[in-house]
Amino acid sequence: MPVVRVARRERVRLRRHTHLIRPDLSASDAIWGEYLFFRDNPKGVHLERWRHAYGCGQWFNVARHTVTHEVLSVYAMTDAPPAHS
Amino acid sequence: MKYSALALLRGALSAHRNWVPAWRSPEPKPAYDVVIVGGGGHGLAAAYYLARNHGVRNVALLERGWIGGGNTGRNTTIVRSNYLFPESARLYDFALKCYEGLSRELNFNIMLSQRGIVMLAHSRHDLDSMARWANAMRMNGIDAQILTRDEVAARAPLLDMSPDARFPVLGGFTQRRAGTARHDAVAWGYARAADALGVDIIQNCEVTGFLSGAGGRVVGVETSRGRIRAERIGIAAAGHSSVLAKLAGFRLPVVSYALQAMVTEPLKPALDTVVSSPGTGAYVSQSDKGEMVIGAGLDLFPSYAQRGSFAVLQGVIAATLALFPSFSRLRMLRQWAGIVDVVHDSSPIIGPTPVPGLYINCGWGTGGFKAIPAGGWTLAHVLATGRNHELAEPFQLERFVTGRLIDEAAAAGIAH
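Protein chains in written order, with my numbering: chain E, 1 to 85; chain A, 1001 to 1416.
Each hint should be verified, as a subset may be incorrect.
EDC-like cross-link-like pairs, simulated, lysine to aspartate or glutamate; straight-line CA separation at most 20 Å [stated by the list, open to error]:
id : chain 1 : residue 1 : chain 2 : residue 2
1  : A       : K1097     : A       : E1087
2  : A       : K1246     : E       : D79
3  : A       : K1097     : A       : E1027
4  : E       : K43       : A       : E1206
5  : A       : K1246     : E       : D24
Don't read these hints as lab results, they were simulated from the structure.
Please read all numbers here as calculations on a predicted model, not as lab measurements.
Model the full structure from these sequences, guided by the hints.
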């Protein structure tokens, strides 16, 4: 899979949380509410999906620390989350 | 002691040795009726209204750092109630009405300055949506006045009204009762008044866990200064609400972002109203000290860092200079960010949590300062009575299950 190296912040767009599993259509309102709105919002390692908006258009996952803003790892959309947290 | 001109005079005659600290710094007791976690404006106001409105005086307010040191000390001090939906209008106007009488009530000058807010329309679409917005406010019984281009120019003469302005101003609307208040004074005024009614304000006391009793009911907190038991606990921790919720074992529909603002060096009076330009994302007022206070939009990535990114800073300064070209020679004095708790519908959450005995006031996002009296009043009500205050009834956690959201994102004109 070709991956473009991103040098500038403004070339990518954050699309927030990743690894959210869409519930079954028959799921209850409570489960849908949980899926749509409720978030871990950790102070620490946050798993999120980004897109190279002004480049190759590719989506990718990032593990980033929400206090230091350090990017701990970048991994493909289908990969399992890394063991940072 | 009561603050007055006479007290000042007495102070002057006694070399100002008559002043006492505005609140005590007591050691935490082992148990209280109510513990409030978070010593910002909302927590302090809740402590005060618990004691004043409900006679609940055996209250501790726990603050991890120092009171008013979070978002209460990191905002742009604007107060207004120009919201769209009736539920929000009621809540925010209640807060503004409290602010109008607060200096007298607290015997502490919060320096409320109702200099009005001017919302700028930069396009025909802005004009249309602002006409709707102003009319909705009037329907809700809140003052609003649609302004022509000339009326805007008269209120803020430094605005670039030239034909080739990058963001032409076509008109706008104003809420005259809006304005600014002194942020520290709001925190200190509530703290002093709460302390006088018996509330223990305990700073440098971080909550590290919640004590669980029978039926999963919360019965106290673990803190960095020991275990404190309480019958009811209220959380008012803004951007750190999710961290506390996690300690208590539940999640919130909240994401924490940095919201930044900045001030220039002080200058002589040049802008006597608050100017907000939703289209460009800039809002400006001049503090009583003379600094231009400039607010920005959110850094759109989750953060607990209390610092803003340069790209957003650059964007808001560019927008401000496009509106006010004469500000270009001002030097920036300070820049800061607060961690705000943003909810999908940009409306707060005030009420019970999934944990019995534990109540929360959060989700004010980018606009918590203006709502401090209402947030405190309604949190105090639910803590004292176990029932939601009428104003807070629409703002419950369950709306994220029922879908009855109060989507103020567009109405408040805030950029996120």
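Verification of the hints:
1. K1097/A <-> E1087/A: holds, 16 Å
2. K1246/A <-> D79/E: With a Cα-Cα distance of about 26 Å, the restraint between K1246/A and D79/E is violated, given a limit of 20 Å.
3. K1097/A <-> E1027/A: violated, 35 Å
4. K43/E <-> E1206/A: holds, 15 Å
5. K1246/A <-> D24/E: Given that 20 Å is the threshold and the Cα spacing comes to 26 Å, the pair is violated.
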